[in-house]
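Basically my numbering = 1-based index in the sequence shown + 26.
Quick caveat, the hints were computed from the structure, so don't treat them as lab data. On a predicted model such as this, the values are computed, not experimentally measured, just so you know. Just so it is clear, CB atoms sit at the ideal spot from N, CA and C, and this is done for glycine as well. Hints are not guaranteed to be accurate.
Said to hold, decoys possible - Quick list of in silico lysine to aspartate or glutamate cross-link-like pairs, DMTMM-like style, CA-CA up to 25 Å:
no., residue 1, residue 2
1, Lys211, Glu99
2, Lys211, Asp121
3, Lys211, Asp194
4, Lys287, Glu54
5, Lys90, Asp121
6, Lys255, Glu316
7, Lys257, Asp194
8, Lys257, Glu280
9, Lys254, Asp343
10, Lys359, Asp393
11, Lys90, Asp169
12, Lys119, Glu177
13, Lys386, Asp350
14, Lys257, Glu72
15, Lys255, Glu356
16, Lys119, Asp213
17, Lys325, Glu356
18, Lys312, Glu364
19, Lys255, Asp305
20, Lys119, Glu182
21, Lys354, Asp343
22, Lys354, Asp378
23, Lys354, Asp296
24, Lys254, Glu364
25, Lys386, Glu316
26, Lys254, Asp303
27, Lys287, Asp232
28, Lys254, Asp305
29, Lys255, Asp226
30, Lys357, Asp305
31, Lys386, Asp281
32, Lys287, Asp350
33, Lys179, Asp121
Stated by the list, open to error - DEER-style ranges, computed between Cβ atoms:
no., residue 1, residue 2, range
34, Gln114, Thr181, 34 to 40 Å
35, Asn129, Val180, 32 to 38 Å
36, Thr181, Gly47, 23 to 29 Å
37, Asn92, Ser256, 21 to 27 Å
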Amino acid sequence: AVYNSTNLGLQDLTLPDPTTGRLSRYEEGLFDLLDLKNDAVFLLGELYMNYRIPKHEFALGRMKINSPLVNPEDGRMIPTLAQGFRYQYRSNKSDIVQFGVFNQIAPRSTGRFYGIGESIGTYPVGRNPAGQTSGYAWNTHSDYLVLFNTELKVTESVQLNFWNLFVDNVSNSAYMKPTMRLNQKLDVEMEWLHQNKVGDGGNAIDSLRYFTSNSSDILGIRLNYRLKKSKVSLAYDRIFANGQFLSPREWGREDLFSFQKRERSEGSGDNHALVFDYDHHFGLGKGKDEIQGILSVGKHWKPSVLDAGLNKYAFPDYTQINLDLFFKFEKLKNLHPELLLVTKIANGDFPDNPNFYFNKTDLFHIDLILNYNF
27 AVYNSTNLGL QDLTLPDPTT GRLSRYEEGL FDLLDLKNDA VFLLGELYMN
77 YRIPKHEFAL GRMKINSPLV NPEDGRMIPT LAQGFRYQYR SNKSDIVQFG
127 VFNQIAPRST GRFYGIGESI GTYPVGRNPA GQTSGYAWNT HSDYLVLFNT
177 ELKVTESVQL NFWNLFVDNV SNSAYMKPTM RLNQKLDVEM EWLHQNKVGD
227 GGNAIDSLRY FTSNSSDILG IRLNYRLKKS KVSLAYDRIF ANGQFLSPRE
277 WGREDLFSFQ KRERSEGSGD NHALVFDYDH HFGLGKGKDE IQGILSVGKH
327 WKPSVLDAGL NKYAFPDYTQ INLDLFFKFE KLKNLHPELL LVTKIANGDF
377 PDNPNFYFNK TDLFHIDLIL NYNF
């Protein structure tokens, strides 16, 4: 598959905000972050050999991978893609075991594949624990990453999903998600993510190191209640104060319970997040046309914006409200429009400096996405 992103020239993306001197993090993500003057990006993103026999599947080449920390991401013209080898086993009971080894990644919003270390830092790098601009971009030494996953049906009502992401000379991230169905309508999920530094965290020099914490931990819980055409969820995540949760934003979104589109918890420690979701399907007229609407309301408590050791991107406390609308038309089955409305409001006390809220909070953001699948 060849991916293309073309800028129609409606806005000069190279002009920074006059107050902060920064570019817009949302618009530039639609094109080539490393060369915003490049109006047309072409990437041979998916080209792989695939071999299947009963219960087994092998893939070699350039492909999409979908894991909690490495995934195609949403809302980007060009997704994150990886080059390497993947194997998957499926049992008769639908249990899954899979692993992969990858030596290159094409970060979302870029136009080529990079070595694993090179790919870390193509997105904004934030601050290091000393409060200076992080220096890990183009200075991270890592040759490969290894993914392992198993999904087990423990009992009729209990499932276990486990992932492990090993990044050579940088970090290891172990993620566990058990799910228990309490009845036909209600289930409870829990998640634990533990990270620890591997080797020298990417570079032996402190100011050039990516993974600056020795370890970090996240615990979360989510309740899901299902009705005929609706689902209600309430989720809480806690990032403990023993270290920052770090995962390259270039590699995809963080698939945590408290994730909300257009924002992240990555880069934070000592963080609390509480998110309520309401998902409902609305019929349009007498046919099969419908709208799926997802309302997401979240409250996020951050460390002080002045604490660079626990708040990498100097993000204040905030409240976020998303309304995500997906349209389905019976006569246009290949057309899948999406309308996303996002507002974020800063909370709490922090210095009156635009760098703490510009393109972070106190904003209203609109995405209109037209997907047509052939």
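Results of checking the hints against the structure:
1. Lys211 <-> Glu99: 29 Å, violated
2. Lys211 <-> Asp121: With a Cα-Cα distance of about 23 Å, the restraint between Lys211 and Asp121 holds, given a limit of 25 Å.
3. Lys211 <-> Asp194: 42 Å, violated
4. Lys287 <-> Glu54: 16 Å, holds
5. Lys90 <-> Asp121: 21 Å, holds
6. Lys255 <-> Glu316: Holds. Lys255 to Glu316 sits at ~11 Å (cutoff 25 Å).
7. Lys257 <-> Asp194: Violated: Lys257 and Asp194 sit about 40 Å apart, past 25 Å.
8. Lys257 <-> Glu280: 22 Å, holds
9. Lys254 <-> Asp343: 35 Å, violated
10. Lys359 <-> Asp393: Roughly 21 Å between the alpha carbons, so the hint for Lys359 and Asp393 holds.
11. Lys90 <-> Asp169: 19 Å, holds
12. Lys119 <-> Glu177: Roughly 11 Å separates the two Cα atoms, so the pair holds.
13. Lys386 <-> Asp350: With Cα atoms ~19 Å apart, Lys386 and Asp350 stay inside 25 Å; holds.
14. Lys257 <-> Glu72: 34 Å, violated
15. Lys255 <-> Glu356: 18 Å, holds
16. Lys119 <-> Asp213: Holds, at roughly 21 Å.
17. Lys325 <-> Glu356: 37 Å, violated
18. Lys312 <-> Glu364: 22 Å, holds
19. Lys255 <-> Asp305: OK: Lys255 and Asp305 at ~8 Å, within 25 Å.
20. Lys119 <-> Glu182: Holds, at roughly 11 Å.
21. Lys354 <-> Asp343: Outside the cut-off at roughly 36 Å; violated.
22. Lys354 <-> Asp378: Between Lys354 and Asp378 the Cα gap is close to 44 Å, so the pair fails against 25 Å, i.e. violated.
23. Lys354 <-> Asp296: 41 Å, violated
24. Lys254 <-> Glu364: Given that 25 Å is the threshold and the Cα spacing comes to 23 Å, the pair holds.
25. Lys386 <-> Glu316: Given pair Lys386, Glu316 is violated - Cα atoms ~33 Å apart, limit 25 Å.
26. Lys254 <-> Asp303: Answer holds: Lys254 to Asp303 is near 16 Å, not above 25 Å.
27. Lys287 <-> Asp232: Outside the cut-off at roughly 32 Å; violated.
28. Lys254 <-> Asp305: It holds: about 11 Å lies between the C-alpha atoms, which stays within 25 Å.
29. Lys255 <-> Asp226: 50 Å, violated
30. Lys357 <-> Asp305: 24 Å, holds
31. Lys386 <-> Asp281: Measuring from Cα to Cα gives roughly 20 Å; hence the hint holds.
32. Lys287 <-> Asp350: 9 Å, holds
33. Lys179 <-> Asp121: Holds. Lys179 to Asp121 sits at ~6 Å (cutoff 25 Å).
34. Gln114 <-> Thr181: 34 to 40 Å: Since Gln114 and Thr181 have Cβ atoms about 23 Å apart, the given range 34 to 40 Å is violated.
35. Asn129 <-> Val180: 32 to 38 Å: 34 Å, holds
36. Thr181 <-> Gly47: 23 to 29 Å: Distance hint for Thr181, Gly47 is violated at roughly 57 Å.
37. Asn92 <-> Ser256: 21 to 27 Å: At 26 Å between Cβs, range holds.
In the structure shown, a violation is registered for the earlier hints numbered 1, 3, 7, 9, 14, 17, 21, 22, 23, 25, 27, 29, 34, 36, in ascending order.
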